[in-house]
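Trainee: Below are the chains, spelled out letter by letter.
Number of protein chains: 2
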Amino acid sequence: MIYGGIEAGGTKWVCAIGDGPGDLRETVTFPTTTPVETIGRATDFFTRTNGLAGIGVGSFGPIDVRRTSPTWGSITTTPKAGWAHTDVVSELGLALGLPVGFDTDVNAAALGEQRWGAAIGLDTFCYVTVGTGIGGGGMANGRLLHGLLHPEFGHMRVPHDRTRDPFDGACPYHGDCFEGLASGEALRHRWGEPGEQLDDPAVWALEAEYLALGFVDVVCTLSPQRIILGGGVTKRPDLLELVRTRMRDLLSGYIAAPELTDAIDEYVVAPALGDRAGVVGAIELARRAAHEAEGAKPT
Amino acid sequence: MIYGGIEAGGTKWVCAIGDGPGDLRETVTFPTTTPVETIGRATDFFTRTNGLAGIGVGSFGPIDVRRTSPTWGSITTTPKAGWAHTDVVSELGLALGLPVGFDTDVNAAALGEQRWGAAIGLDTFCYVTVGTGIGGGGMANGRLLHGLLHPEFGHMRVPHDRTRDPFDGACPYHGDCFEGLASGEALRHRWGEPGEQLDDPAVWALEAEYLALGFVDVVCTLSPQRIILGGGVTKRPDLLELVRTRMRDLLSGYIAAPELTDAIDEYVVAPALGDRAGVVGAIELARRAAHEAEGAKPT
Numbered sequence: 002m003i004y005g006g007i008e009a010g011g012t013k014w015v016c017a018i019g020d021g022p023g024d025l026r027e028t029v030t031f032p033t034t035t036p037v038e039t040i041g042r043a044t045d046f047f048t049r050t051n052g053l054a055g056i057g058v059g060s061f062g063p064i065d066v067r068r069t070s071p072t073w074g075s076i077t078t079t080p081k082a083g084w085a086h087t088d089v090v091s092e093l094g095l096a097l098g099l100p101v102g103f104d105t106d107v108n109a110a111a112l113g114e115q116r117w118g119a120a121i122g123l124d125t126f127c128y129v130t131v132g133t134g135i136g137g138g139g140m141a142n143g144r145l146l147h148g149l150l151h152p153e154f155g156h157m158r159v160p161h162d163r164t165r166d167p168f169d170g171a172c173p174y175h176g177d178c179f180e181g182l183a184s185g186e187a188l189r190h191r192w193g194e195p196g197e198q199l200d201d202p203a204v205w206a207l208e209a210e211y212l213a214l215g216f217v218d219v220v221c222t223l224s225p226q227r228i229i230l231g232g233g234v235t236k237r238p239d240l241l242e243l244v245r246t247r248m249r250d251l252l253s254g255y256i257a258a259p260e261l262t263d264a265i266d267e268y269v270v271a272p273a274l275g276d277r278a279g280v281v282g283a284i285e286l287a288r289r290a291a292h293e294a295e296g297a298k299p300t
Numbered sequence: 002m003i004y005g006g007i008e009a010g011g012t013k014w015v016c017a018i019g020d021g022p023g024d025l026r027e028t029v030t031f032p033t034t035t036p037v038e039t040i041g042r043a044t045d046f047f048t049r050t051n052g053l054a055g056i057g058v059g060s061f062g063p064i065d066v067r068r069t070s071p072t073w074g075s076i077t078t079t080p081k082a083g084w085a086h087t088d089v090v091s092e093l094g095l096a097l098g099l100p101v102g103f104d105t106d107v108n109a110a111a112l113g114e115q116r117w118g119a120a121i122g123l124d125t126f127c128y129v130t131v132g133t134g135i136g137g138g139g140m141a142n143g144r145l146l147h148g149l150l151h152p153e154f155g156h157m158r159v160p161h162d163r164t165r166d167p168f169d170g171a172c173p174y175h176g177d178c179f180e181g182l183a184s185g186e187a188l189r190h191r192w193g194e195p196g197e198q199l200d201d202p203a204v205w206a207l208e209a210e211y212l213a214l215g216f217v218d219v220v221c222t223l224s225p226q227r228i229i230l231g232g233g234v235t236k237r238p239d240l241l242e243l244v245r246t247r248m249r250d251l252l253s254g255y256i257a258a259p260e261l262t263d264a265i266d267e268y269v270v271a272p273a274l275g276d277r278a279g280v281v282g283a284i285e286l287a288r289r290a291a292h293e294a295e296g297a298k299p300t
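Listed in order, the protein sequences are those of chains A and B.
In terms of the working numbering, the first sequence has 265 at position 264, counting the first letter as 1, and numbering is strictly consecutive.
In terms of the working numbering, the second sequence has 149 at position 148, counting the first letter as 1, and numbering is strictly consecutive.
Mixed in with the good hints, there may be bad ones.
Since the list gives no way to pick out one identical chain from another, each pair is judged satisfied if it fits inside one copy or across any two copies.
Once the Cα atoms are required to be at most 25 Å apart in a straight line, the calculated DMTMM-like pairs of lysine to aspartate or glutamate come out as [unchecked claim]:
| # | residue 1 | residue 2 |
| --- | --- | --- |
| 1 | K81 | E260 |
| 2 | K236 | D276 |
| 3 | K13 | E267 |
| 4 | K81 | D250 |
| 5 | K13 | D162 |
| 6 | K236 | E194 |
| 7 | K236 | D266 |
| 8 | K236 | E92 |
| 9 | K236 | E260 |
| 10 | K236 | D200 |
| 11 | K236 | E197 |
| 12 | K81 | D45 |
| 13 | K81 | E197 |
| 14 | K236 | D250 |
| 15 | K236 | E267 |
Quick caveat, the hints were computed from the structure, so don't treat them as lab data.
Given only the sequences and the hints, what does the whole structure look like? Please build it.
Mentor: This is the structure in structure tokens:
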């Protein structure tokens with residue numbers, strides 16, 4: 002069986018056909034423009050391949066993932082122009098005539114990492130992406146995190162020392178929330194240049210401070226067995242090491258677990274699937290949707 | 002069947018015999034002194050009743066709840082004098098010859114509320130207590146939150162505006178973490194009097210601010226369907242209403258759910274079981290331990 006996966010980002014969509022990271026037969030990447038055009042390009046790509054058993058979408062959000070909701074499968078209140086209230090699942094399902102699985106981009110990536118990557122064997126863990134924005138998802142007790150809607154790690158409030166960092170924050174909703182202080186957009190607004198052009202160690206010490214503060218909150222609420230950290234900003238060499246050191250300091254040994262002290266190098270890690278975690282996880286969402294449509298349980 | 006439940010707090014232990022909130026046949030409360038004396042009083046109480054099928058303990062912590070760990074059933078690194086590394090489960094099990102269920106005090110209260118109280122029918126929710134300290138637990142995907150160890154809501158970092166509140170915080174590990182700023186101890190240290198003697202509206206506006214900031218982080222990470230708020234500090238009239246209003250403002254409508262806007266009165270609620278949530282939840286832990294010991298699944 003082969004499946005179609007979509008990592009539906011706010012900047013670009015990545016579509017792939019295959020059944021896992023070892024078998025990605027074809028992939029395509031294109032910019033996120035209007036919903037009609039973007040979803041159209043995805044359906045064009047998938048219709049060229051016969052025999053797909055299902056489609057999976059890991060989407061930017063916020064999205065509606067409540068299966069009993071009339072707007073299940075939609076992007077909801079996104080500030081991204083033209084995309085609010087776009088029913089992604091219905092559009093794809095109607096165009097392709099296939100079952101469609103749908104979840105957040107970060108839950109899809111978490112699923113990919115749990116099946117094939119850095120979270121194999123774990124039942125409670127997080128996947129956090131720090132790129133243009135910040136998102137977080139994962140599993141608790143072996144199932145993807147949903148609850149009320151789905152997590153929105155980016156919009157936690159974290160301490161903001163305005164003496165050290167007078168920047169007001171970049172989030173249009175909350176100003177200096179976690180995303181407002183630590184996302185790629187925050188770096189660009191605060192320093193006037195994108196992260197990849199910033200080399201001052203003070204820039205990255207501050208970035209590590211915010212990421213560590215956010216992850217401390219994640220540790221204290223979700224108690225994950227591991228945090229997988231992806232996204233463009235985290236490709237900065239040594240950033241992970243700065244984050245681990247600062248997290249360990251901030252936690253001060255209160256939670257007595259080697260994972261948070263001596264073994265913290267294996268606690269905060271890069272995605273084993275790299276940039277493909279999202280689209281590969283979307284293929285796993287497709288597989289689950291196909292099995293569900295057949296009335297069978299995922300194997 | 003009847004069971005014994007213990008709400009093992011750092012200040013007092015509450016022991017009860019029964020099979021739920023409608024049938025608490027006998028309860029006793031005594032101060033937490035030394036482990037030997039305190040556990041001894043509990044075993045004395047339970048040995049007077051024949052026919053108990055199991056004991057459940059909802060304990061202050063941090064505790065070891067990893068079933069495969071050699072120190073499962075112990076209180077671990079608590080700063081409470083004499084209690085670090087106390088093997089509560091073994092002591093009770095040996096003295097009483099009964100199966101013992103063990104979890105955090107807040108997970109026990111969450112379990113009680115889910116079976117009989119304010120969380121019936123929910124699968125992802127939180128129980129937070131604000132008393133001497135701050136603790137949080139709950140369920141994700143229908144099972145109690147454990148993960149790496151167990152949540153420690155009290156030790157999140159939240160924004161601390163030192164102009165408005167120059168208090169350094171009361172946590173011996175982290176200073177101005179959530180518990181360091183918003184617990185009963187924090188109130189007492191900051192204002193020089195315990196919470197129940199404080200009437201200045203500014204005191205409670207600041208308290209509501211911190212609680213709302215902490216709960217925003219919980220909403221953004223765990224995405225609970227409801228937050229149940231217990232503990233001595235939260236008995237202040239109107240505090241819940243202040244917290245709800247401030248949470249709604251802080252979230253700014255970003256997460257489009259009526260539970261976080263118009264219906265927030267039903268989202269942040271007091272425990273339906275009141276002060277008995279913990280001990281009644283411990284009875285449910287006992288029931289589960291007894292069924293597990295019999296090799297049967299909980300019904």
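Trainee: Kindly indicate which numbered hints from before are broken by the structure, ordering the numbers from low to high.
Mentor: Violated hints (numbers, rising): 3, 5, 8; every other hint is consistent with the structure.
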